[in-house]
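There are 2 protein chains.
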Amino acid sequence: MTAAAPPWTGRLLIVGAGLMGTSLGLAVRRAGGTVHLHDRDPERLRLAESLGAGEACAQATPGPACGSFDLAVVAVPPRQVAAVCVELLRCGVADVVSHIASVQTNVQDEVETELGAVANFVGGHPVAGRETTGPAGADAGLLHARPWAVCPPPSATPDAVEALVGLVRATGAVPVQLTARAHDDLLALVSHVPQLVASALAATLTDHPGAAALAGPGFRDMTRLADSPAQMWTEIVEANAPAVRASLEALIAQLDRIRGDADAPADAVGDLVERGHAGRALLPGKHGRPVRVWASVLVVITDEPGSLARLFADIADSGVNVEDLRIEHAPGQPRGAIELAVAPGDRDRLLEALAGRGWSAVAGAEAQR
Amino acid sequence: MTAAAPPWTGRLLIVGAGLMGTSLGLAVRRAGGTVHLHDRDPERLRLAESLGAGEACAQATPGPACGSFDLAVVAVPPRQVAAVCVELLRCGVADVVSHIASVQTNVQDEVETELGAVANFVGGHPVAGRETTGPAGADAGLLHARPWAVCPPPSATPDAVEALVGLVRATGAVPVQLTARAHDDLLALVSHVPQLVASALAATLTDHPGAAALAGPGFRDMTRLADSPAQMWTEIVEANAPAVRASLEALIAQLDRIRGDADAPADAVGDLVERGHAGRALLPGKHGRPVRVWASVLVVITDEPGSLARLFADIADSGVNVEDLRIEHAPGQPRGAIELAVAPGDRDRLLEALAGRGWSAVAGAEAQR
Numbered sequence: 002m003t004a005a006a007p008p009w010t011g012r013l014l015i016v017g018a019g020l021m022g023t024s025l026g027l028a029v030r031r032a033g034g035t036v037h038l039h040d041r042d043p044e045r046l047r048l049a050e051s052l053g054a055g056e057a058c059a060q061a062t063p064g065p066a067c068g069s070f071d072l073a074v075v076a077v078p079p080r081q082v083a084a085v086c087v088e089l090l091r092c093g094v095a096d097v098v099s100h101i102a103s104v105q106t107n108v109q110d111e112v113e114t115e116l117g118a119v120a121n122f123v124g125g126h127p128v129a130g131r132e133t134t135g136p137a138g139a140d141a142g143l144l145h146a147r148p149w150a151v152c153p154p155p156s157a158t159p160d161a162v163e164a165l166v167g168l169v170r171a172t173g174a175v176p177v178q179l180t181a182r183a184h185d186d187l188l189a190l191v192s193h194v195p196q197l198v199a200s201a202l203a204a205t206l207t208d209h210p211g212a213a214a215l216a217g218p219g220f221r222d223m224t225r226l227a228d229s230p231a232q233m234w235t236e237i238v239e240a241n242a243p244a245v246r247a248s249l250e251a252l253i254a255q256l257d258r259i260r261g262d263a264d265a266p267a268d269a270v271g272d273l274v275e276r277g278h279a280g281r282a283l284l285p286g287k288h289g290r291p292v293r294v295w296a297s298v299l300v301v302i303t304d305e306p307g308s309l310a311r312l313f314a315d316i317a318d319s320g321v322n323v324e325d326l327r328i329e330h331a332p333g334q335p336r337g338a339i340e341l342a343v344a345p346g347d348r349d350r351l352l353e354a355l356a357g358r359g360w361s362a363v364a365g366a367e368a369q370r
Numbered sequence: 002m003t004a005a006a007p008p009w010t011g012r013l014l015i016v017g018a019g020l021m022g023t024s025l026g027l028a029v030r031r032a033g034g035t036v037h038l039h040d041r042d043p044e045r046l047r048l049a050e051s052l053g054a055g056e057a058c059a060q061a062t063p064g065p066a067c068g069s070f071d072l073a074v075v076a077v078p079p080r081q082v083a084a085v086c087v088e089l090l091r092c093g094v095a096d097v098v099s100h101i102a103s104v105q106t107n108v109q110d111e112v113e114t115e116l117g118a119v120a121n122f123v124g125g126h127p128v129a130g131r132e133t134t135g136p137a138g139a140d141a142g143l144l145h146a147r148p149w150a151v152c153p154p155p156s157a158t159p160d161a162v163e164a165l166v167g168l169v170r171a172t173g174a175v176p177v178q179l180t181a182r183a184h185d186d187l188l189a190l191v192s193h194v195p196q197l198v199a200s201a202l203a204a205t206l207t208d209h210p211g212a213a214a215l216a217g218p219g220f221r222d223m224t225r226l227a228d229s230p231a232q233m234w235t236e237i238v239e240a241n242a243p244a245v246r247a248s249l250e251a252l253i254a255q256l257d258r259i260r261g262d263a264d265a266p267a268d269a270v271g272d273l274v275e276r277g278h279a280g281r282a283l284l285p286g287k288h289g290r291p292v293r294v295w296a297s298v299l300v301v302i303t304d305e306p307g308s309l310a311r312l313f314a315d316i317a318d319s320g321v322n323v324e325d326l327r328i329e330h331a332p333g334q335p336r337g338a339i340e341l342a343v344a345p346g347d348r349d350r351l352l353e354a355l356a357g358r359g360w361s362a363v364a365g366a367e368a369q370r
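Each protein sequence line maps, in turn, to chains D and R. Every number in our numbering is 1 more than the matching position in the first sequence, counting from 1. Every number in our numbering is 1 more than the matching position in the second sequence, counting from 1.
These are calculated hints, taken from the structure and not from any lab test. Ideal Cβ placement from N, Cα and C applies to all residues, glycine included. Accuracy of the hints is not assured; some may be wrong.
To be verified - Residues of chain R clear of chain D, computed beta-carbon distances all greater than 10 Å:
| no. | residue |
| --- | --- |
| 1 | R30 |
| 2 | A59 |
| 3 | T62 |
| 4 | P78 |
| 5 | A120 |
| 6 | T158 |
| 7 | H209 |
| 8 | D228 |
| 9 | E275 |
| 10 | P285 |
| 11 | G307 |
Stated by the list, open to error - Going by beta-carbon spacing under 10 Å, a handful of chain R positions derived as facing chain D:
| no. | residue |
| --- | --- |
| 12 | A118 |
| 13 | V119 |
| 14 | D257 |
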C-alpha cells in the first residue's frame with residue numbers, strides 16, 4: 002500500500018496550504034522529507050499541520066524566519082503566485098524556488114521583469130486536482146503517477162531543474178519538461194477550454210430546465226468539471242487568455258463546420274467523429290501502458306450495505322483481476338449496474354463464477370482502456 | 002437482485018436485434034412477456050436469440066408470418082426506422098407500433114406523409130445506451146430506471162399511448178411523455194451537441210499530439226463519448242439537423258462571449274461558471290431523489306487480484322453503506338485511488354475502520370451527488 006516513489010530527504014517550504022499544497026506536503030513527508038508550511042490563514046494552516054502535511058510556520062510572511070530550505074514551492078491562488086515567488090527569491094529562504102500554478106508564462110514573465118534572468122527559479126505544474134479546494138480534501142496520493150510539467154526559463158541552471166525533478170519523482174508524479182509557452186498552449190487545449198465547455202454545456206440547462214430529466218450519463222460526464230470553483234477558473238483563464246482564445250477559436254471552428262456545412266453535414270460529422278477516435282487513441286492507456294483491449298462484465302447490484310463486498314469476494318474467489326470498474330447510477334430506483342473491465346480471456350470464467358453465486362451478470366462489449 | 006418493475010405478459014415483436022433491441026427483449030422476457038425478434042442479419046439474430054432475448058423470426062421481412070402482436074418496437078438504424086414503421090403499420094402485424102430512434106420528428110413526419118393521421122403509432126426513445134453496438138453488449142438492466150421518452154402524434158389514441166407506457170414500465174424505465182418536437186430540441190441540447198463537442202475536443206489532440214501526455218481525468222471525462230460509432234452519429238445529427246444547429250449556435254455564442262469579451266473576460270468566465278453550477282444543480286440526484294450531500298473517502302488500492310474484495314469486505318464489516326464509487330487511474334504506475342461516497346455522518350467511522358485494517362485512507366471533501 003506504500004508508494005514506489007524514490008525517497009527525498011531534503012527540506013521543503015510550501016507556501017499555501019490549500020488542496021495542492023497540503024497534498025504535496027503529505028506526499029513529501031511520506032517520502033522522508035522535512036516540510037514547513039506557510040499560509041496567511043491560520044485556520045487553514047492548523048488544519049494542514051494536523052493532517053500531517055508539515056510543521057506550521059507562524060510568521061506573517063514566509064522568509065528566513067521559517068528556516069532555510071533546499072526548495073520552496075509556492076501553492077497560493079494564481080494571481081498571487083508571481084509576487085510570492087519574487088519575495089522568496091529576494092529573501093533567499095530556499096536554494097531553488099518553484100510554484101504549481103496552472104499557467105506558467107505570466108509567472109515567468111513577472112519574475113523576470115522584477116529580477117531579470119534568475120538561475121534558481123523553475124516553474125512547475127502538477128496536472129492533478131479535484132473539484133474541491135482546501136486542505137480537507139488533500140491526499141498524499143493525489144499527485145501519484147500524474148504528469149508534473151517542469152518549465153525552466155532559459156536562465157535556470159541544470160542543478161535547479163534537477164532539484165525540482167527530484168522532488169517531483171519523490172511524490173510519485175512523472176516529470177514532463179517543456180517551456181512555459183508550450184505548457185500554456187497545451188493546457189489551454191486539454192484543460193482550460195474543456196473546463197469552459199463543461200460550464201457552457203451545464204449552463205444551457207438553466208434555459209431549458211426540462212432537459213435535465215432527459216440527461217443521461219454522457220451529459221453528466223461532459224459537465225462534471227463544471228462543479229469547479231468560479232474564482233479559480235476566472236484567474237486561470239485570465240492568466241492564459243491568449244492561448245485560451247486560440248484554443249476556443251479552434252474548437253469553435255470545428256463546431257462551426259458542422260453547423261454551417263449545409264451541403265454535406267453528414268460528411269462533416271463523420272469526419273469529426275473519426276478524428277475524435279484518432280485523438281482518443283493518443284491518450285495513454287491505464288497506468289501509462291499502451292492502450293489495451295478489455296472485456297466488460299455488467300453486474301446488477303443493490304444498494305444494501307455489503308452488496309459490493311459480497312460481489313468482490315465472489316470475484317476474488319474466481320481469481321480474476323478487475324482492471325477497472327464503473328457504477329452507472331440509474332434515476333428513480335435504488336439499484337445500479339456495475340461494469341467490470343477484465344482481460345478478455347478472463348471474461349467467461351468470471352461470468353460463470355458470478356452466475357454460480359446468484360448474480361445477474363452479462364457480458365458487455367470489448368473496449369479500449 | 003431482480004427488478005422491481007411491474008409484469009408485462011403481452012406479445013412483443015422487436016425488429017432489429019442490436020444492442021438496444023436485444024436489451025429490450027431481455028428486459029421484457031424477464032417481465033413475463035413473449036418476445037419475437039427479427040433482424041436482416043441472421044448471425045446477429047441467432048446471437049440475440051441465444052442470449053435469451055426472444056424467439057427468432059426467420060422471415061425475410063417482418064410481418065404477419067412472424068405471428069400477431071400486442072406491440073411492435075422498431076430498433077433498426079436511424080435511417081431505416083420510418084420505412085420499417087410504415088411497413089409494420091400497413092401489414093397490421095401488431096396492435097400498436099413504436100420505435101426507439103434518437104430523433105422523433107422526422108420519423109413521425111415520414112409516417113404521416115405515407116399513411117396520414119395514424120391512431121396506433123407512438124414514437125419512443127429510451128435515453129440509455131453504451132459506447133458499443135451489437136447484441137453482445139446487451140443487458141436486461143440497460144433500460145432500468147432510465148428516462149424513456151414517449152412521443153405520441155396528435156392522432157394517437159390514449160389506448161395506444163398506454164400500451165407503450167405499460168411496456169416501458171415493465172422494463173423498469175421511467176416514461177416521460179412529450180411531443181416529438183420538444184424531444185428533439187431537448188435531446189440536441191443534452192445528447193447530440195455534447196456528443197459533437199466530445200469528438201471536437203478529442204480531435205484537437207490529432208493536431209497537438211504532445212498534449213495527450215498532459216491530459217488529466219477531466220479531459221478523459223470530456224472525451225469519453227467520442228468513442229461512439231461514426232455512422233450512428235452521422236445519421237442522428239442528420240435527422241435532427243435544425244435542432245442540432247440551434248443548440249450548437251447557442252453553445253458557440255456562450256463560448257464566443259468568453260473569447261470576445263476583451264474588456265472583462267474575468268466577469269464573463271465567472272458568470273459562465275456560476276451558470277454552469279446552476280445547471281448542474283438541475284440534474285436529478287442519484288436514483289432520481291433530490292440531490293444530497295455526500296462525504297468522500299479516498300483509499301489507495303493496488304492492482305492485485307483480491308484487493309478490491311479485501312477493501313469491500315472491510316467496508317462491509319464497518320457497516321457503512323457506500324453510495325457511489327469511482328476509480329481514478331493514474332498514468333505510469335500500477336496503482337490507483339478509489340473514491341468512496343458515503344453519508345457525511347458515516348465518514349469518520351469508515352476512515353477509522355479502514356485505517357485499523359491497514360488501508361491508506363483519507364477524507365475527501367463533501368460533494369453533491
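Status of each hint after checking the structure:
no. : hint : verdict
1   : R30  : holds (13 Å)
2   : A59  : holds (25 Å)
3   : T62  : holds (27 Å)
4   : P78  : holds (13 Å)
5   : A120 : holds (26 Å)
6   : T158 : holds (25 Å)
7   : H209 : violated (6 Å)
8   : D228 : violated (6 Å)
9   : E275 : violated (5 Å)
10  : P285 : violated (5 Å)
11  : G307 : violated (4 Å)
12  : A118 : violated (26 Å)
13  : V119 : violated (25 Å)
14  : D257 : holds (7 Å)
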